[in-house]
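Student: Listed below, chain by chain, are the residues.
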Amino acid sequence: MIKEKEQRIKVGVMPIGIALTLIIGAYLGYNLFEGDKSLFLGGETSHGHYQIELECQACHTTPFASQEKMQQACESCHAEELDRVNDSHPKKVFLDPRNADLLATLDARLCVSCHREHKPEITRDFGVTLAADFCFHCHQDIKEERPSHAEFEFKTCATSGCHNFHDNSMLYEKFIAKHLDEPAIKDPARLPEKTGLKRWLKKNKKKLPLDVAEPQMDSFSFEATNQATVDLSRVVEDWKSSIHARTDANCTSCHTQNVSQNHNSFTIASVAPVCESCHKRQHKAFLESKHGMRLALELSPMSTDKARLEVDKSHSKSLDCNSCHNPHSLNVVEAAMDSCLGCHQDTHSQNYKNSKHYQLWAQEILGEAPSGSGVSCATCHLPKVKKGRRVTVIHNQNLNLRPNTKMLRSVCMNCHGLEFSVSALADEALIENNFIGIPTKKHQTFELVKQRMKSRQ
Amino acid sequence: MNKRQLIRSICATSIALSSFNVFAGEITAQKMADAIFAVIEADRATYTQKVVQRLQNEEEVITAEERWKEESALPLPAQMLRMGAERVSESNAGFSYALLSLWPINKQNKPKTALETKGLKMAAEKLQNFYGEETLGGKTYFTAVYPDIAVSEACVTCHNDHIDTPKTDFKIGDVMGGVVIRIPLN
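Top to bottom, those sequences are chains A and B.
According to the working numbering, the first sequence is numbered sequentially starting from 27.
According to the working numbering, the second sequence is numbered sequentially starting from 14.
One chain only, chain A, in its complex shape:
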């Protein structure tokens, strides 16, 4: 009797088990391919990757991908930048068999040895998931090599203005020694001027500015993808005085003339690729930035409602080239400040209009101060960088923030001495209040370099 009862229970439980497995399997399967992939996230994603966290294959490439494949995924986005900054610890250095013992402690060939994703509880700045004293693993004997460093703790190596694991392009002794004892504010304090228009005019001496008659706007109606009402006369006026009209860019340079319909109209399907056709460098840098990284993976653009930073969420605004640049007026003054403050509402951004930098910017745009003397948001975050004879705007606004000492040469040192600049960038309170005031602490780096220079004499 008891045996029969047990068998009945077993037979009764089995279909329920199968049914439950099928339901759970179907639920997970649906969400994996069609529904909510966030169910599968192993933990909150870091600041650098959260925008693309549901594009699992961007990093994992395939389910159960090998470590090598995942390393390739990291490199596909980050290798070029690391090479550009002359990475101090590139993977190739650790391929030498004489470093085999170091790799046994810390495998520096793999990004994930230091940057593990989905580990919010141990993630620090720049997505580092190792303890702050990680330099110890390979540089225990630094006290013998540099007695001046004997008192420093290993967790302070990467303090702003000292060392970085990857990018030390601004922090080398010769550069610091060359710029010792510079004044806090240089005279003159000027930013470089962009050379794009000058170069174009030099190459196209015979091209005259385009005029209204040439685009023949009156014979077309305008059809925007968002179906917003467009004030055509305003568009024409804006365009007429823009740099596009000066550089031979007509309506059809950006808009497709739609002649198949019963009326002539201009449409524009996707903004960034249209801009890219002429502005390749800017577009590439934009896709490398947090503003454009979703577009780089062909996802919908980043928008204010997805942001983790403090932004104005009262309206959903998505990020494309024309989020910051009015495509017809191309007003760079607007793009350099108003566009940024239209979204960003963190303390640093909100303090900007109380800063000396803003006062100088306001004077410059009113024509009361020379060109290049004002400091807008773009001055620091989308800097004008001189390479050879060319000065271009870097459109990756994150590039010089990791680490922030990348701002030294292209931004701060146009107007300020090196020691003042390094001290300011290491002062978190000063950054938060948008540089209202001066750095309170002197940076130790400079005293150390001065001592080294003395010891050499």
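In silico contact screen, one side only, chain B against chain A (beta carbon under 8 Å); selected entries:
1) E103
2) L149
3) I176
These aren't lab readings, by the way, just hints derived from the structure by calculation.
What you are looking at is a predicted structure, and each value in this text was computed from that prediction instead of being measured.
Note that the Cβ used here is the ideal one computed from N, Cα and C, for glycine as well.
Given chain A, work out where chain B should sit, using these hints.
Tutor: Showing chain B alone in chain A's frame:
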């Protein structure tokens, strides 16, 4: 083909094959390392004398700097060698090499293994090549160390004047360090 011709052709083929085997057998790890060193040494000496020495020291057109990228300068000859070594490592070519010294400017380039120390001493004291075997990370390597000699004024002045140099009296023709080549044996 008659019998005699057949025997002749078989003999000729056997001789050719056996001589190939002898030849192939002669490409030992040591021969391979010597050949690789000849290329490394020739390339580096050419770069030092025809590029750095000429453009920096004689014609004073451009300087060679440790921070060549940031300073828009030429890479130092030692960096040129190291960049080549890193490219070879990345290409998985079946060997690796490094430039080391008993008096390194960058302390990461001092000898690490017992064999490196022995080889660099042999290079410095007797101006001789050194060959041996060692095990690193569970793999056995044939390791060769070759004397690295100062070939121009540029080498000597840069090393003697550098703030981190432990030796300041190098002269042209002195051994400044050694090129270490490793070939995995299994």
